[in-house]
Amino acid sequence: MKISFTINGAAQTIDIEDTNTPLLWVVRDMLDLKGTKFGCGKSACGACTLHVDGQAIRSCSYAVKFAEGKNITTIEGLGTSEKPHPVQQAWIEEIVPQCGYCQPGFMMATAALLNENPNPTDDDIDKNIINICRCATYYRMRKAIHRAAELTNKNTNAQKL
Amino acid sequence: MVFGILFASNYVNTNVDYTSINEVDKITSNSDENFDKMMSVLTHQRCVNCHPNDNIPKQGDDSHPHYFGMSRGKGNMGYDATKCTTCHQSENNEYSGVPGASEWSLAPESMKWEGLTSIEIAKSMLDPKKNGGRTHEEVMHHLTEHELVLWAWDPGVDANGNPREKPPVSKDEYIAVVKEWFKEGAIILEE
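Protein chains in written order, with our numbering: chain U, 1 to 161; chain V, 1001 to 1191.
To be clear, the hints were calculated from the coordinates, so they are not data collected in a lab. Treat the hints with care, since some could be wrong.
Stated by the list, open to error - Pulled a few chain U residues facing chain V out of the computed Cβ check, cut under 10 angstroms:
1) 20
2) 128
3) 138
4) 143
To be verified - From the derived model, a few chain U residues whose C-beta atoms are all more than 10 angstroms from chain V:
5) 11
6) 42
7) 127
Unchecked claim - List of simulated lysine-lysine pairs, BS3-like, C-alpha gap at most 25 angstroms:
8) U:70 - U:2
9) V:1171 - U:42
10) U:34 - U:70
11) U:42 - V:1037
Because the structure is a prediction, the values reported are computed rather than measured. Ideal Cβ placement from N, Cα and C applies to all residues, glycine included.
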């Protein structure tokens, strides 16, 4: 069956037999976008987080058939090397990653949070960023999330001038 | 029982001026049985897990608090960016074991059923101040037709691939007894 969607700004149509296949495997294995990671496969760790129509989604638990007509963003489409997303910029400044495996999921979850709440408190971060990092980079991530909020607000204010 | 008989007698439509005691006994007896069957479903964890008394959804057959610190949040749908729909879609996911159904969310705060008796739940369910202003007719339709309610008979598998427990009464029998209970006047027998 054919399923069409937009991914990182480009129109895409795939042909797939099992339309319940998790979006994660379509993104990684059919579209060769390896930034989105497989962690637990049970919607628990958040390594597979990407955006569907701007909302954070656990792609290991999202049947690809639901992607029909939707706008998907993966870590590859969040920003570029030349113009990183504020979350990516903050992650670089705070030198957050250790092994790095779970970080794309964290960054996508953080970007979704800032879309909804541009000034998250520590409590907001605790409630919304529930991914798992086995290197325990949580302390640096918290700093980076606050920094990303600063950068986002700075960009927004600059655009208003 | 006396209350039930008096209550039932106001709802019985007959072509005669009176209802015999035997007839009323039969109706209340049926109603009692229907009530018990209906409540065996509505007090089952498949229903009560999403009617918490502490705003924390419950999970599994042991009704443990939802993992990851999830709570009611805004509009019964979770937090700003981590919502019910971050993981739960409109149908069960057999790959991950994450359950799903249309309009997956917590029941509104006024519908806290966890820890209540069957009678307390039934009273709450029929109280327009707590049931979203629904009439008996509307409650009956909700209980017998809403996809999220009927999900209880199609609960899918858990994260380990094991089928989730279904309510103790079949879906068809549940729908029949709920309709019959409302038809007979939605009698709640006192303890």
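Tell me if the straight-line CA distance from residue 34 of chain U to residue 70 of chain U falls inside 25 angstroms.
holds (20 angstroms)
A closest beta-carbon separation below 10 angstroms is what the hint needs, so does residue 20 of chain U meet it against chain V?
holds (7 angstroms)
Straight-line Cα separation of residue 70 of chain U and residue 2 of chain U no greater than 25 angstroms?
Holds: residue 70 of chain U and residue 2 of chain U sit about 14 angstroms apart, inside 25 angstroms.
Can you confirm whether the C-alpha distance between residue 1171 of chain V and residue 42 of chain U stays at or below 25 angstroms?
With Cα atoms ~28 angstroms apart, residue 1171 of chain V and residue 42 of chain U exceed 25 angstroms; violated.
10 angstroms cut-off, C-beta based - residue 11 of chain U kept clear of every residue in chain V
Given a closest Cβ separation of 23 angstroms, the condition holds.
For residue 127 of chain U, which was marked as not at the interface, is the minimum beta-carbon distance to chain V over 10 angstroms?
It is violated; residue 127 of chain U is separated from chain V by about 5 angstroms at its closest Cβ, not greater than 10 angstroms.
Residue hint residue 128 of chain U, partner chain V, criterion CB-CB below 10 angstroms
holds (5 angstroms)
A closest beta-carbon separation below 10 angstroms is what the hint needs, so does residue 143 of chain U meet it against chain V?
violated (19 angstroms)
Does the claim that residue 42 of chain U lies outside the interface with chain V hold up, using a Cβ gap greater than 10 angstroms?
At about 5 angstroms from chain V, residue 42 of chain U fails to clear the 10 angstroms cut-off, so the statement is violated.
Are the Cα atoms of residue 42 of chain U and residue 1037 of chain V separated by 25 angstroms or less?
Cα-Cα ~34 angstroms, so violated.
Return the status of the interface hint for residue 138 of chain U: holds when the least beta-carbon distance to chain V is below 10 angstroms, violated otherwise.
violated (14 angstroms)
This entry does not satisfy hints 3, 4, 6, 7, 9 and 11, going by the numbered hints stated previously.
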